[in-house]
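**Student:** Next come the chains, spelled out residue by residue.
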Amino acid sequence: MSRATVPDSTDDTTAVYTYPDSLTEVPMRYCPGCTHGIAHRLVAEVIDELGIQERTVVIATVGCSVYAYEYFNTDAVQAAHGRGPAVATGIKRTQPDTLVFTYQGDGDLASIGLAEVMHAAARAENFTVIFINNAVFGMTQGQMAPTTLMGQKTTTTPRGRTLQQGGHPLNICELLATIPGVAYLARETMTAPKYVLRAKRSIKKAFQAQMDELGFSLVELVSTCPTWWRMKPLEAFKWLEDEMLSQYPLQVFVDKTEQND
Amino acid sequence: MTKRKLIGGNEATAEGAIAAGCRYFFGYPITPQNKIPEYMSEHLPLVGGTYVQAESEVAAINMLYGAAATGAWAMTSSSSPGISLMQEGLSYMIGSELPCVVVNMVRGGPGLGNIGPAQSDYWLATRGAGHGDGRCLTFAPYSVQELYDLTGEAFTIAQRYRNPVMILADAILANMKEPCRLHERRDHPTQQPQWAVGGARDGRPRNIINSLYVDLPEEEQVNLRIARRYAEAAQNEVRLAEYGADKPQILLCAYGIAARICQTAAQRATQAGVPTRLLRPISLFPFPAQTIRRWADCVEKILVVELSLGQFIEDVRLAVEGRCPVELMGRTGGMVMTPEEVTDRIVQMGQSD
Amino acid sequence: MREEVYMAGMGGQGVLLAGQILAQAAMMVGLEVSYFPLYSPEVRGGRATCTVVIANDQVGSPVVGHPAMMILMDKIAVNNHLDRLRPDGLVVVNSSLAGEEFDRDDITTITIPANDIAIDVGSERAVNMVLLGGYVAMTESVSLADIEQALREVIPERHHSFMPVNIAALHRGAQAAMKAISPTR
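Chains as they are written, first to last, in the numbering used here: chain P, 1 to 261; chain X, 1 to 353; chain L, 1 to 185.
Source of the hints: derived by calculation from the structure; they are not laboratory data.
These numbers come from a predicted model, not from an experiment.
Ideal Cβ positions, reconstructed from N, Cα and C, are used throughout, including at glycine.
Among the hints, a few may not be true.
[What the hints assert, rightly or not] Here chain X is said to cover these stretches of chain L; the calculated rule only asks that three of the stretch's residues, wherever they fall, bring their Cβ under 8 Å from a Cβ of chain X:
id	segment
1	24-35
2	53-66
[What the hints assert, rightly or not] One side only, chain X facing chain L, incomplete, derived with CB under 10 Å:
id	residue
3	172
4	257
5	267
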């Protein structure tokens, strides 16, 4: 699928940065400073590089990324809140030669959809999860998420998250790392070019694990929400690195693609 | 004529699905329908199909949603509490215009209830499918043979209207055994429907399965399109059966297992001097309103017999439009009325005039 | 023709198997039939009951309020169900566990010491076959030979070594019933 944005041959400029084929040109609705856009692009670049666009189905879920089916230029299914991994299971079990990924936020995956993601991993379902963790419910206007940090202020923890009121943050990767059905599992972020490159590498490995039918793969992307963190974009990037990464350290937890080489 | 086999209602349901071409089953155990997933887990792998035991009914219905999105012939089955959990997924499937088959072997409720027979999910089945302006096409078999036949046919109907089809039965039908004629298992269609996902290959435009329409007029148009399909189903899929006196004084209305009880009661009441006819809706949505309305002009009274306290009777009353009195005989909580009790009630009604 | 029989006993006595074999036999001779089991949720040791309705054409209700016939396999079954037997009805009772005395005088009672007979033919587990044999001797829808045929269909092949015991139990039950028949009225 060639794209109209690539300058035509009569022009002597060279395109060095274009839309990946696997992204549509629908303008994204994300806020300034939100890292959803980077995450989308990284996934789309990986799909392009692996040459799997025609085999891919994206599962859009509920949250700020609910329109993922408009942005990813592949077949798409929009799933109910938290149910992406179950929907992905249904697709993958009936069409095993498709490549399926869910794109889920922390409310969708870590709260309402915890059972679905855990059991998909336990069954070693052969699909990929892109998990966006920004420690807050974005779409519903800034409420506490399971991944909200202790002391973090949200619209439902106005005095900061306390143990008494909101309990502890949930570390999804650490939980999943105990499950044998997981083939690739990593936590990355996108606040600096070095992190972006790492993140892309992990996403590619996750898809590679799926293509090699190794089992369940998930990449957690520690992300920003300047709007509901009530910060400027740069402040948000700094807060992520200073505060979030100590609770959610960047790490490759499981990598069975290595053993496969 | 094929040989008859003595087979249970659950097994007949599962075999009916497989014989019709269903190759994917997603479910979660709940009594009294456990023989369906058990049968599927044994037989689907033998015909190239797949059985998945989900972690919950919530997951099961969403796996079904994913499978249906690929155009696969897929189903789930459950019983009342599990069907409650599936409402969200059904609503999404209606909104996304996806075909699937869901079997509800209704048990006593509300709450955890019991594993006795009940018809108290009538509203859940015919009004329900969760939130929003959509419904499940609903069929109510009354014998093991009909469970086999209708479950199979449900797949074709679901595909035709791109809507979930519910098979509504109960704990008695699920567990009883009757002779059943089975046909050869058919293969499932290999051609994906045009709308299905599975990778936008060979230059076909990408497909999106979705029920999110933030543009209000667009959502209205989608709902009107779905409603037109229901209207079309009302033209083509209304099914009913009638038994008993040609010139009845009393018309019995009952579906499913209650209709079986009424079959015997209608016979005995007629023998006892009160000519009685049984009208049995097989399709509950669409509902055979016209036939009931015609009879309402010809009988003294209608007796509605249901294993619930006045759910099904609402559809009968809507059909009758006040043409004659409509009385209720209901049992609830897993209890059933006996044919003797129904006979007595009819005779009483017939004599009170 | 409409034959309604209600069977009850404790879990493990083979109430449900007896019902299924009767239903299978009825189907094999070309009749219509429904078999409707009911059991308590305990996996072991609960109560088991079933209703078999046999008819020439449509079975109609598989549920019966006052059946014309019953097979009751223990004392609790008698206490719980005998009052529902239709007046002039017939009951086959396992007298080994339920005794000989019943407080109804408007019915025909066939008492068979089924546990004793079962042990005598070689297996205590054949109690249900003894009582089924007794029942079949009293009715006309199916014969003992039909039941033997049905047994071969219902019992899995790997258990066919028990067939002679089961068949012996059937016939001994039938003989006991013929001997016992005497209206208590």
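**Student:** Going back to the hint list, which numbers does this structure go against?
**Tutor:** none
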